[in-house]
Amino acid sequence: MSFAFWVVAALTVAGGLAAVLLKNLVHCALALTIAFAGLALLFLQLDAQFAGFAQILVYIGAVAILIVFAVLLTRSSETPAQGGIFSHTWLAGLVVAAGLFAVLAWAVIESAGGLPHESSAPAVTVMQIGNALMGRYVLPLEILALLLTAALIGAAIVAMHEKEGTK
Amino acid sequence: MNPLAGYLLVAALLFAIGLAGALTRRNAILVLIGIELMLNAANLNLIAFWRYGPHPEFLTGMMFAIFSIGVAAAEAAVGLGLIIQIHRLAQTTDLDKINRMKG
Amino acid sequence: MLERLDQVFVLFKDWLVAFLPASWQGVVGVIICVVAIIAVYPTLFALAVLMERKGLGRMQNRYGPNRVGPFGILQPVADGIKSLTKEDIVPLRADAVVHFLAPVVLVVAVFMGFAVLPMGRNMVLVDLDTSLLFFFAMMASTELSVFMAGWSSRNKYSLLGAMRAVAQMISYEVPLLLSSIVIVMMTGSLSLVRVVEAQNHFTGILPNWYVFTPWGFAGFIVFVIASTAETNRSPFDLPEGESEIIAGYFTEYSGFKFALFFLGEYVEMFAVAGLGTTLFLGGWAGPISFLSWVPSWIWFFAKVELWICFFIWIRGTLPRLRQDQLMNFAWKFVLPFTLFNLVVAAVWRFMGEGWLRWLVCWALVVGVYALAGRSGMRREKIGTRIYRYAD
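Here the protein sequences come in this chain order: A, B and C.
Quick note on numbering: the first sequence equals residues 3 to 169 in the numbering used here.
Quick note on numbering: the second sequence equals residues 156 to 258 in the numbering used here.
Quick note on numbering: the third sequence equals residues 24 to 414 in the numbering used here.
Hints are supplied without guarantee of correctness; some may be wrong.
Claimed, not checked - Quick partial rundown of chain B residues pointing at chain A, CB under 7 Å, derived from the structure: (1) Ile172; (2) Leu178; (3) Met193; (4) Leu194; (5) Asn195; (6) Ala197; (7) Tyr207; (8) Ile221; (9) Phe222; (10) Ala228; (11) Val233; (12) Leu237; (13) Ile239; (14) Leu244; (15) Gln246.
What the hints assert, rightly or not - No farther apart than 30 Å at their CA atoms in a straight line, the calculated lysine-lysine pairs in the DSSO-like style are these: (16) A:Lys25 / C:Lys179; (17) A:Lys25 / B:Lys252; (18) C:Lys179 / C:Lys109; (19) C:Lys105 / C:Lys179; (20) C:Lys77 / C:Lys109; (21) C:Lys36 / C:Lys77.
To be clear, the hints were calculated from the coordinates, so they are not data collected in a lab.
For glycine and all other residues, C-beta sits at the position ideal for the given N, C-alpha and C.
So that you can see chain A by itself, here it is in the shape it has in the complex (with noise of 0.2 Å):
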């Protein structure tokens, strides 16, 4: 394995372990970028490279963002929280996601003799990635146009000021 498959993995890991261990809320959200980042770099060694930039641009560009006026127009990046930042339940939750990965870690070590190995890169072209959309792929993309549309209308429903007669 290469080199520089281990730094990007190693940056991306601590990114996501920085994004749920620290106490800043802004600070979580900035490592969740790097994290994100890491994963795009993931997906060009992948020979993926319109699902990395795909991953840039609505993830790093989009979903960050909402992240970050989330937490300041909820007002949770000042107020240190009373009782610290783990719930009381935090145990379970950190033995529930231990042994989630140990059973995961153990089917992918046990079956590592039978995973193909290096084999060569798919040369994709975006021609190919367009002609999929429409052709064999055309359901999902109309059910996802459906599902964007109602997202979009629905959040902007959901945080909106009620009037003031309805209360």
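Keeping the supplied structure of chain A fixed, place chains B and C upon it in accordance with the hints.
This is chains B and C only, laid out in the frame that chain A set:
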């Protein structure tokens, strides 16, 4: 080590970290951050299997990952809208305090 | 001989690289190109700053800076020395790490965009299949640095300026992308090299640039508006307006970091101008067929400089837009107009060649503009104003 096994282990680690964050933190926004990490880990899994799998010319893995990115963005938008509205009603985003069905 | 002048930079790089063993040639060639980009664009930035101050001065009926050097030519040097020697003040309660990283993220993201711009024939750093998507991904990353700058200063003005700036940049990013999608539709590729090659033909003596087609013209207008808003230039510069909010998210920066922000903003202007020329104005292609002997990189940089002059002209002419006027404009007029532009482009593509499609498409564009303008930008009825004077 098998390259595919390396990517799958990184994805599993990110998924576990995201799950731990979603289950142990108090703030609602951090739960959402954990969920985004989990979705990203699943995307990495999909792309890794697409790359090293039997038929990469069908683009199935990459399509699935792109749709997943789209759905995750929509879900983040609606989730954060809900969190903002809950903050307006309950004046807090602490999940340990929002434990009543009323209001 | 003229072909050699056209390719002079490529030939120079090949000559330099030929001194090295074969395994090093690729890497060193790329490094030479990167160093050239990093050297050229800050020089153009210095010239643009000088042009802006002199140009704005003339438009405001005054001389610009004219003390340093003949006609003020050495003013950028003086500005550079001043920025580098000023004390770097970081506020006590500011978040030091994020405060330091914000200008770095901006400059890095902006310079990455130049990697895919074709600046001449065979003069593109990386010929990606998805180069337009890469460029927009880098532009989207600059919004994060604006937010980091505003939040880390722990200053209410900075935070307000940053939130306004991010809201504005996000709102205008959608029309920016949609107006470029029209070009992608007609070229059939996301690669910027393909886009320029498709515009490099001449019908008669007139060029085949996309700006001369109805959908291309509408897209060009939208691209100019959206790129002015993306780079926070006047008339969309409320987030950093000097008379409104002190300096917005720049307030707590001094010395070299402020110079980096300034550099980042102007280089971002160059980057979107470069993208605009590539998509709409034909990139490195010449305007008239009998002028094709002029080297391609001269055409590219001339067009980019024209964009910059246009940005400076607009800055000196139009008043600033208020935040709600700006957002209304984006969502209620520009976005529907861009969506209809996609329909116009589709109509163009599926009608046959000939004068009929020109007529129909121009009629559609003008009709949609009038319709969107009427319904989207309806002004509120303000009655007669009553003035009360203090006695």
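Run through the hints listed earlier and report the numbers of any the structure violates, in increasing order. 3, 4, 6, 14, 15 and 21
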